[in-house]
Each structure stands twice: as C-alpha cells, then as structure tokens.
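Peer 1: Sequence:
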Amino acid sequence: MALTTLITAILYFAGLFWLARWGDSGSKTAQKFSRHPAIYSLTLAIYCTSWTYYGAVGNAASGGWSYLPIYIGPVLLLIIGFPFLKKILDISKKQNLTSLADFLSSRYGKRRNISILVTLIALLATIPYIALQLKALGMSFAIVANSEGDSWLKNDDMVLVATALMSFFAISFGTRKVDITEYRGGLMLAIALESVVKLFALIAVAVFSFSLTDISANINTTAFADWQMQDFYSMNFLTQTLMGAAAFICL
Numbered sequence: 141m142a143l144t145t146l147i148t149a150i151l152y153f154a155g156l157f158w159l160a161r162w163g164d165s166g167s168k169t170a171q172k173f174s175r176h177p178a179i180y181s182l183t184l185a186i187y188c189t190s191w192t193y194y195g196a197v198g199n200a201a202s203g204g205w206s207y208l209p210i211y212i213g214p215v216l217l218l219i220i221g222f223p224f225l226k227k228i229l230d231i232s233k234k235q236n237l238t239s240l241a242d243f244l245s246s247r248y249g250k251r252r253n254i255s256i257l258v259t260l261i262a263l264l265a266t267i268p269y270i271a272l273q274l275k276a277l278g279m280s281f282a283i284v285a286n287s288e289g290d291s292w293l294k295n296d297d298m299v300l301v302a303t304a305l306m307s308f309f310a311i312s313f314g315t316r317k318v319d320i321t322e323y324r325g326g327l328m329l330a331i332a333l334e335s336v337v338k339l340f341a342l343i344a345v346a347v348f349s350f351s352l353t354d355i356s357a358n359i360n361t362t363a364f365a366d367w368q369m370q371d372f373y374s375m376n377f378l379t380q381t382l383m384g385a386a387a388f389i390c391l
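Just so it is clear: in the sequence shown, position 82 is 222 by our numbering, and no numbers are missing.
No lab work stands behind these hints, which were simulated from the structure alone. Values in this document were obtained by computation on a predicted structure and should not be read as measured data. Some hints could be false.
Simulated restraints, written as ranges between beta carbons of each label pair [what the hints assert, rightly or not]: (1) Phe348 to Leu382: 30 to 36 Å; (2) Ser167 to Ala265: 34 to 40 Å; (3) Gly166 to Leu382: 39 to 45 Å; (4) Gln171 to Val336: 16 to 22 Å; (5) Leu216 to Ile311: 33 to 39 Å; (6) Met375 to Arg175: 40 to 46 Å; (7) Ala265 to Leu225: 18 to 24 Å; (8) Asp297 to Leu216: 38 to 44 Å; (9) Ile256 to Ser349: 44 to 50 Å; (10) Lys250 to Lys172: 33 to 39 Å; (11) Gly203 to Thr238: 33 to 39 Å; (12) Phe243 to Phe348: 40 to 46 Å.
Here a beta-carbon is modelled for each residue, glycine too, at the ideal position from N, C-alpha and C.
Model the full structure from these sequences, guided by the hints.
Peer 2: If you want it as structure tokens, here you go:
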C-alpha cells in the first residue's frame with residue numbers, strides 16, 4: 141500500500157511539472173487557457189492549505205460555525221476591498237515589487253532595515269505554518285498508506301521527498317524569474333489543478349459528513365447546537381474575520 145501511495149504521489153507531482161512546463165512553453169493554447177478567468181479564480185484557493193482539510197474540518201466538527209470567519213474575511217475583502225487590492229497591484233507592477241517586504245519598504249522610502257525586519261517576521265511566522273503543512277502531509281501518508289510499521293518507507297522520508305519536490309517546483313516555476321510584469325502561466329495552471337483536487341477532497345468530506353447525519357433530525361438545529369446568533373457579532377468573530385482578510389493579502 142505504501143508503494144502504491146508513493147507511485148501515485150510521484151505521478152501527481154509529475155503531472156504538475158508537466159502542466160507547469162506546458163503553461164510556460166509559449167504555446168498560444170497554453171497562454172489562452174492559463175489566462176482564462178476560471179483558472180485565475182481557482183488559483184485563489186491557494187489560500188486554502190492542508191490546514192483547511194484538517195483544521196477547518198475539525199474545527200467545524202467541534203466548534204460549529206466558529207471556522208467561518210477565516211473564510212468570510214477573504215470573501216469580504218474581494219467584494220468590498222477590490223479597489224484596495226487593485227491599488228496594491230498597480231503599485232507593485234509600477235515599481236516592480238515582488239514581495240511584501242519590498243512593498244512595505246517602498247512605502248517608507250525604500251529603507252533596507254524595514255525590508256529586513258519584514259522578511260524576518262515573515263520567516264518566523266512562516267516556519268511553524270509550513271511545519272503544520274508538512275505534518276499534515278505525513279499524517280495523510282500514514283493514513284492512506286497505513287505505513288506506521290513499514291520499515292522501508294517512513295513518514296519522515298515521504299515528507300522529506302515531498303519537501304524537496306515542492307522546493308524544486310517553487311524554484312523552477314515561481315522564483316526563477318522575479319519580474320512581476322511577466323505572467324507565469326505554468327504556475328497558474330499548476331495551482332488551478334491543485335485547487336480542483338482540494339475542491340473535490342472537501343466535497344468528499346462534506347458528503348461523508350452528511351451521510352453520518354441523522355436525516356430525520358433538524359439539520360439547522362444540529363448545526364447551531366453549540367452556536368448562537370449573537371456569536372456572529374462577537375469580538376472574537378470580527379477579529380478572526382479581519383485576520384483572515386489580512387492573511388489572504390499576505391499569502
């Protein structure tokens with residue numbers, strides 16, 4: 141089972157590499173396809189990581205609607221704050237800014253100290269976040285492959301291989317060229333494909349959860365069992381909504 145899972149993962153990564161290379165090949169078909177509004181919309185799901193599959197689902201199971209603000213924030217930002225996002229994009233293209241550190245530094249006279257400080261803060265904040273993703277990857281491999289007692293392929297080995305492949309992919313199609321004015325069609329297509337996979341995975345979880353629900357019971361009563369209407373207006377809910385919007389901008 142572990143070997144089958146490993147082969148499937150390798151084929152999946154190979155498919156992503158092929159799709160990204162095809163998107164960057166200069167083909168008119170690839171360029172037209174990668175610039176389709178549906179592809180761009182799917183790439184927004186990069187906000188949803190493996191934490192969404194494990195953390196948000198678990199949070200919904202234990203805390204009801206308490207998972208909602210981290211997704212309401214980005215939705216409200218895209219609807220209400222679109223002019224703000226467009227202004228950030230225009231400034232970034234005009235000044236060829238490729239990171240949050242560059243952007244904040246440019247707002248304060250392009251001071252190098254600010255850029256370094258923002259980079260360090262981002263690094264410290266990203267390390268535990270990436271660690272959660274890798275932990276989720278190892279857990280997924282252990283569950284699917286049932287490899288806890290497998291001597292030739294450990295979960296840590298799988299995580300190491302996956303990390304190396306993802307790093308190589310990011311270098312090859314993400315950071316190889318830092319010109320923000322150049323459209324990265326291959327990267328967009330690969331992210332869109334990943335988003336489709338995540339969408340089907342979440343739908344599968346939803347269908348499975350619904351199948352465990354007592355149909356004769358009132359679903360609304362079950363959903364709001366541990367959640368009151370006033371909780372939607374609590375300071376905690378509003379704060380998480382704002383943090384979700386801020387996280388969407390940073391990611």
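Peer 1: Now look at each hint and say whether the structure bears it out.
Peer 2: Against the structure, the hints:
1. Phe348 to Leu382: 30 to 36 Å: 32 Å, holds
2. Ser167 to Ala265: 34 to 40 Å: 38 Å, holds
3. Gly166 to Leu382: 39 to 45 Å: 42 Å, holds
4. Gln171 to Val336: 16 to 22 Å: 20 Å Cβ-Cβ, so the 16 to 22 Å window holds.
5. Leu216 to Ile311: 33 to 39 Å: Given a distance of about 34 Å, which is inside 33 to 39 Å, the answer is holds.
6. Met375 to Arg175: 40 to 46 Å: 42 Å, holds
7. Ala265 to Leu225: 18 to 24 Å: Holds: the Cβ-Cβ distance is about 21 Å, inside 18 to 24 Å.
8. Asp297 to Leu216: 38 to 44 Å: 42 Å, holds
9. Ile256 to Ser349: 44 to 50 Å: Taking Cβ atoms as reference, Ile256 and Ser349 lie about 46 Å apart, which means the hint holds.
10. Lys250 to Lys172: 33 to 39 Å: Since Lys250 and Lys172 have Cβ atoms about 37 Å apart, the given range 33 to 39 Å holds.
11. Gly203 to Thr238: 33 to 39 Å: 38 Å, holds
12. Phe243 to Phe348: 40 to 46 Å: The hinted range 40 to 46 Å holds for Phe243 and Phe348, with Cβ atoms some 41 Å apart.
Of the numbered hints listed earlier, not one is contradicted by the structure.
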